[in-house]
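K.L.:
Below are the chains, spelled out letter by letter.
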Amino acid sequence: MIKKAIVKIVSLISILIVLSFFVFALLYLAPGDPAEKRLTSQGVAVTKEVLDAERERLGLLKPFLVRYGEWLVRVIRGDFGVSFKDDMPVAPKLYAGLKNTTILAMTSLLLSLAISFWLSILSAIRKNGIADNIIRLFSFIGNSLPNFLISVLLMYFLCIKIKLFPVIAKGNVQGLFMPVMSLSIPMTCRFIRQMRTEFLTQMKADYVVGMWGRGVKGRYIVINILRNSIGHIFTIIALQIGTLMGGSVVIETIFRWPGIGKLVMDSITARDYPVIMGFVIIMGTIYVVINQLSDILSHCMDPRTNL
Amino acid sequence: MAESLLQIRNLSASYDESFVLKGIDLTVYKGEILCIVGESGSGKSTLIKAICSDKSVRVTEGDILFREKRCGHELLGSSIGLVQQNPEGAFNPLRAFDVQFKETLKSHKRELDKKKLSGIFTTLGLKDAEKLLKMKPFEMSGGMNQRMAIAASLILEPELLLCDEITSALDVSTAIAAVDELLRLRSELGVTIVFVTHNLGIAANIADRVAIMYQGKIVEIGDAGDVLRNPKHDYTKGLLRDVPKLKLS
Amino acid sequence: MKHGTRREKRLRNRIIATAVLALLIILATTFAGILAPNDPYATSASSIRMAPGAQYPFGTDNLGRCVFSRVLYGGRTTIAATFLLVFISFLIGTVIGMLCGYYGGILDTVLMRLADIMLAFPQMVVAIAVAGILNAGMTGAMVALGITMWVSFARLARSHTFSIKNEAYIQAAFFAGKSDFYIIMVHIFPNLLAPVLTNALTQIGTTMIGLSGLSFLGLGVVPPKAEWGSMISEGRAYIQIAPWAVLFPALATIITIIIFNYLGDAVMDYMEV
Numbered sequence: 000m001i002k003k004a005i006v007k008i009v010s011l012i013s014i015l016i017v018l019s020f021f022v023f024a025l026l027y028l029a030p031g032d033p034a035e036k037r038l039t040s041q042g043v044a045v046t047k048e049v050l051d052a053e054r055e056r057l058g059l060l061k062p063f064l065v066r067y068g069e070w071l072v073r074v075i076r077g078d079f080g081v082s083f084k085d086d087m088p089v090a091p092k093l094y095a096g097l098k099n100t101t102i103l104a105m106t107s108l109l110l111s112l113a114i115s116f117w118l119s120i121l122s123a124i125r126k127n128g129i130a131d132n133i134i135r136l137f138s139f140i141g142n143s144l145p146n147f148l149i150s151v152l153l154m155y156f157l158c159i160k161i162k163l164f165p166v167i168a169k170g171n172v173q174g175l176f177m178p179v180m181s182l183s184i185p186m187t188c189r190f191i192r193q194m195r196t197e198f199l200t201q202m203k204a205d206y207v208v209g210m211w212g213r214g215v216k217g218r219y220i221v222i223n224i225l226r227n228s229i230g231h232i233f234t235i236i237a238l239q240i241g242t243l244m245g246g247s248v249v250i251e252t253i254f255r256w257p258g259i260g261k262l263v264m265d266s267i268t269a270r271d272y273p274v275i276m277g278f279v280i281i282m283g284t285i286y287v288v289i290n291q292l293s294d295i296l297s298h299c300m301d302p303r304t305n306l
Numbered sequence: 000m001a002e003s004l005l006q007i008r009n010l011s012a013s014y015d016e017s018f019v020l021k022g023i024d025l026t027v028y029k030g031e032i033l034c035i036v037g038e039s040g041s042g043k044s045t046l047i048k049a050i051c052s053d054k055s056v057r058v059t060e061g062d063i064l065f066r067e068k069r070c071g072h073e074l075l076g077s078s079i080g081l082v083q084q085n086p087e088g089a090f091n092p093l094r095a096f097d098v099q100f101k102e103t104l105k106s107h108k109r110e111l112d113k114k115k116l117s118g119i120f121t122t123l124g125l126k127d128a129e130k131l132l133k134m135k136p137f138e139m140s141g142g143m144n145q146r147m148a149i150a151a152s153l154i155l156e157p158e159l160l161l162c163d164e165i166t167s168a169l170d171v172s173t174a175i176a177a178v179d180e181l182l183r184l185r186s187e188l189g190v191t192i193v194f195v196t197h198n199l200g201i202a203a204n205i206a207d208r209v210a211i212m213y214q215g216k217i218v219e220i221g222d223a224g225d226v227l228r229n230p231k232h233d234y235t236k237g238l239l240r241d242v243p244k245l246k247l248s
Numbered sequence: 000m001k002h003g004t005r006r007e008k009r010l011r012n013r014i015i016a017t018a019v020l021a022l023l024i025i026l027a028t029t030f031a032g033i034l035a036p037n038d039p040y041a042t043s044a045s046s047i048r049m050a051p052g053a054q055y056p057f058g059t060d061n062l063g064r065c066v067f068s069r070v071l072y073g074g075r076t077t078i079a080a081t082f083l084l085v086f087i088s089f090l091i092g093t094v095i096g097m098l099c100g101y102y103g104g105i106l107d108t109v110l111m112r113l114a115d116i117m118l119a120f121p122q123m124v125v126a127i128a129v130a131g132i133l134n135a136g137m138t139g140a141m142v143a144l145g146i147t148m149w150v151s152f153a154r155l156a157r158s159h160t161f162s163i164k165n166e167a168y169i170q171a172a173f174f175a176g177k178s179d180f181y182i183i184m185v186h187i188f189p190n191l192l193a194p195v196l197t198n199a200l201t202q203i204g205t206t207m208i209g210l211s212g213l214s215f216l217g218l219g220v221v222p223p224k225a226e227w228g229s230m231i232s233e234g235r236a237y238i239q240i241a242p243w244a245v246l247f248p249a250l251a252t253i254i255t256i257i258i259f260n261y262l263g264d265a266v267m268d269y270m271e272v
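Residue numbers (numbering that gives the first Met the number 0), protein chains in the order written: chain A, 0 to 306; chain B, 0 to 248; chain C, 0 to 272.
Fair warning: there could be bad hints in the mix.
To be clear about the criterion: a stretch of chain A counts as covered by chain C if any three or more of its residues have a C-beta under 8 Å from a C-beta of chain C, and this derived list gives those stretches [unchecked claim]:
1. 139-147
2. 186-192
3. 275-284
Read the hints as simulated data drawn from the structure, not as lab findings. Glycine included, each C-beta is placed from N, C-alpha and C at the ideal position.
With the hints as extra help, turn the sequences into a complete structure.
P.N.:
See the structure below:
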């Protein structure tokens, strides 16, 4: 058990190190060097002398790995550097955005789970029935819709055609409705598809036949099926978090929700690299940690699975 | 002879769109051990499924009567106990036995009687009931799971116990132990047992009567000694030839 | 048995029907030059935001461009980019997977560890950052999505190579003195083609969603080049006045993705039968 835990932690750390290296290298992927980018993003005329001074100031003359190491240490301390745009520290901006994104993402996630859980149970129990076919049709279509499309269509029909909601979200509950809907619809559909498959797999398991053979009541069989599905459901949820993160960038930009996704899109437009790097580091870390946690949780739920 | 418990009259049934049972007539008497012997595909498992009113089997003709009444799924557990081939298949592998025993009993509106259960455990050669009940099926061996499955069937005190190939997934010594336990069950609890197997040796050891199934029909039925010593049907003769050393008790 | 073949037949019909529809879409967009009634890039001050009519079947956008022609040309951009990306990922992934599966050892360990790590990243987050930083139009968007896309191909190809490798005929070829390259190309590659191609097919819908999403964000095609995602993004600003400039490319996106996803699902079902 201790050995497993150590392996888990080592793999977690190694993934995060590769992620951070990858993010740091990103800055060098773009044309031009960071000093030049910084100057152009601030609108300074780039001359040789200004550029050299800036390079010196940013420590760009040191070897690459040294710079990476120094940067990593700062990131671990929670210091993501200063914005190219206004020289303000990046971290507070990211955290403020993260808070709003979390509100949006968690609301969407919980809503999607609440809906998809019941629908997928219904769909699995009534396999090939009318309800199942309708649910499957809708979840197939919803799964094929990009969320930017859903949000544009929702906007058109709900805000413009029947004027139910204001077009631009305010940071309140009413403003939350449209972005949450846009994120929830495709996610619900994906959850339904995956959970339905999981429930159907469990329903075919040997123990269900065994219980049926002892005349065990249907509700107890359902309890057993749900109990055994939990492990996989954790994995399904954890994998959707990544899609949710990508989706929230799109949705926040469309509805001007002041989250980390909108922040990063603004920063991409402004070529404000430290914010983009901080964004990937934060989202990547959250995603990696959530996935490792879900591995551990599903192992606790089903000790037969490998950790 | 003794009173009849289960009567099958002229039963024809299909499974997966092909006919596998043709005109089966069979009576099971109270207190006996009846072995149904046949190779895979002979329809013996389908017969068991039909008795259990499994939805995948479609009865096209005939009746199955338990104590003069038509068999239905509601009889499963309380009147007809079923133990299946796969010893791991009886229980949810991830939950403790005691919860699953309680769910089984509650489904039949009964409470867990610890004393009765430990009695059954003793008969089955299981020691330390308390500890066993706290364990989960995936932590235990196939043989142990098989015994627990039999115990779960017996706690409901069915009059008839259907055992479908319960020894084929076990190794030889465990299989012999299981057979001994079934014999003890009959003598101590008086359960009627229908034992389905492809193994003539086991049938010879355990059965009062033997029914031979071949291509969806019962080709021969009678006292175990008669059928196995003086087979009448060619198929039975063939079967017996294929068993190299048959010990008849 | 009878049951299985009937289901197989039904699935095959489903696949053929969907494949025909998919082919129609591909053809319509490939021959956009012939089918389009108007120049998709010609702006016209006199015909701004015109409702659908005889001259402009899907109406015109904010600059007076023909939406129908742009939908056709835009489809070409999206579909060509999707196919190219899926094909390159397929190529890279399959080669890596076969090499890992065939040779094993340190190469396998390192590359598969890398693949695991790639899968541990949130794909869209990485893609948005990479596309944003690269700022290289559609190529940037394709690179951004491709970073993680090869992994599924590599894993699939690797596991199939593993199981094929130990077959007797491979051993025979090896002892007959055939080169590794020969064995991989002649014996292994054809045998893993079916499952890997199925995977490629199921990736098309997701890739299309990803690429048009990046374009919608302005991280894909560079205007004025027509692309469905960016058309929807542009048209969004004046959706109240000219909804057709959004609804038609939206409809095209939905139909195309649904058809390709359905085809992928059907082929996957067929392979499992």
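K.L.:
The structure should be examined with respect to each hint, and the outcome stated for every one.
P.N.:
Consistency of the hints with the structure:
With 8 residues carrying a beta carbon less than 8 Å from a beta carbon of chain C, the segment 139-147 of chain A meets the three-residue requirement, and the given coverage holds. Look at the segment 186-192 of chain A against chain C: 0 of its residues bring a Cβ nearer than 8 Å to a Cβ of that chain, fewer than three, so the hint is violated. Judged by the Cβ-Cβ criterion of 8 Å, the segment 275-284 of chain A is covered by chain C as claimed, because 6 of its residues qualify and three suffice.
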